[in-house]
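Asks: As a plain string of letters, each chain reads:
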Amino acid sequence: DVKVTQSSRYLVKRTGEKVFLECVQDMDHENMFWYRQDPGLGLRLIYFSYDVKMKEKGDIPEGYSVSREKKERFSLILESASTNQTSMYLCASRGRLAGNNYEQYFGPGTRLTVT
Amino acid sequence: QKEVEQNSGPLSVPEGAIASLNCTYSDRGSQSFFWYRQYSGKSPELIMSIYSNGDKEDGRFTAQLNKASQYVSLLIRDSQPSDSATYLCAGGGDYKLSFGAGTTVTVRA
Chain A
4 DVKVTQSSRY LVKRTGEKVF LECVQDMDHE NMFWYRQDPG LGLRLIYFSY
54 DVKMKEKGDI PEGYSVSREK KERFSLILES ASTNQTSMYL CASRGRLAGN
104 NYEQYFGPGT RLTVT
Chain B
66 QKEVEQNSGP LSVPEGAIAS LNCTYSDRGS QSFFWYRQYS GKSPELIMSI
116 YSNGDKEDGR FTAQLNKASQ YVSLLIRDSQ PSDSATYLCA GGGDYKLSFG
166 AGTTVTVRA
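Residue numbers (our numbering), protein chains in the order written: chain A, 4 to 118; chain B, 66 to 174.
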């Protein structure tokens, strides 16, 4: 079974704080992703990484950065948290199956509240 | 235009009935398609993957893919109250998936 874990289920931070969200997968997957999910806006891609030390901007990267120093770990950093970053943050990991097929799995999510 | 559109829902079905969910996509380069189930307050759970035209069955779930018409569907047979959730359709190519907005299904006991 693929396992994607996230460091916290719930987090409360103050405006202006630097926030670290960590994600770990145990299946040696190359691709990892960070999304946020908000009511009425659906899932939005923040950043993704297709290999160690590689990163690509998603659709809404502003105010975020990422780090992938090891294959199994992908961190999302909120440089200076703001109230509009209150959201559910979802990490995902993608692994290849036979041929060019793949499957993507999500972690349990971190519900971040910025006050 | 969104890359993946889910245009059915919310859907309310009686217990034991078939729930039918539909999804269309705009990127003809998309190769892989997925259905995720998401319970309220939880993260999406992968329930079906489909990569080639036709039907794929897994238990009470059947996914259908028609690349010529650019649509994907999910049938849930013998619907149970535990199937009440939001179902997300997703499709993509090599790196990124595009997700639909989701269809909320309620199964009435």
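Don't read these hints as lab results, they were simulated from the structure. Possibly wrong hints are sitting among the right ones.
[To be verified] When the alpha-carbon atoms are kept at most 27 Å apart in a straight line, the in silico DSS-like pairs for lysine-lysine are as follows:
1) B:K67 with B:K132
2) B:K121 with A:K60
3) A:K74 with B:K132
4) A:K60 with B:K107
5) B:K132 with A:K56
6) B:K67 with A:K73
7) B:K67 with A:K6
8) A:K6 with B:K107
9) A:K74 with B:K67
10) B:K67 with A:K16
11) A:K58 with B:K132
12) A:K74 with A:K21
13) B:K132 with A:K6
14) B:K67 with A:K58
15) B:K132 with A:K21
16) A:K6 with B:K161
Asks: For a C-alpha distance cap of 27 Å, please report whether B:K67 and B:K132 respect it.
Replies: 17 Å, holds
Asks: Does A:K58 lie within 27 Å of B:K67 when you go C-alpha to C-alpha?
Replies: 24 Å, holds
Asks: If you draw a straight line from the CA of B:K67 to the CA of A:K16, is it 27 Å or shorter?
Replies: 33 Å, violated
Asks: With a cut-off of 27 Å on the C-alpha distance, tell me whether B:K132 and A:K6 pass.
Replies: 31 Å, violated
Asks: Check the hint pairing B:K121 with A:K60 against an upper bound of 27 Å on the C-alpha distance.
Replies: 34 Å, violated
Asks: Is B:K132 within 27 Å of A:K21, Cα to Cα?
Replies: Roughly 45 Å separates the two Cα atoms, so the pair is violated.
Asks: Given the hint that B:K132 pairs with A:K56, does the C-alpha gap stay at or below 27 Å?
Replies: 35 Å, violated
Asks: For A:K74 and B:K132, compute the direct alpha-carbon distance and say whether it is at most 27 Å.
Replies: Distance of about 34 Å is beyond 27 Å: violated.
Asks: Taking 27 Å as the top limit, are the C-alpha atoms of A:K60 and B:K107 close enough?
Replies: 25 Å, holds
Asks: With a cut-off of 27 Å on the C-alpha distance, tell me whether A:K74 and A:K21 pass.
Replies: Judged against 27 Å, a Cα distance of about 23 Å means the pair holds.
Asks: Hint check: B:K67 vs A:K6, CA-CA at most 27 Å. Holds or violated?
Replies: Roughly 30 Å separates the two Cα atoms, so the pair is violated.
Asks: Is it true that the CA of B:K67 sits at most 27 Å from the CA of A:K73?
Replies: Given pair B:K67, A:K73 is violated - Cα atoms ~34 Å apart, limit 27 Å.
Violated hints, in rising order: 2, 3, 5, 6, 7, 9, 10, 11, 13 and 15; the structure is consistent with all others.
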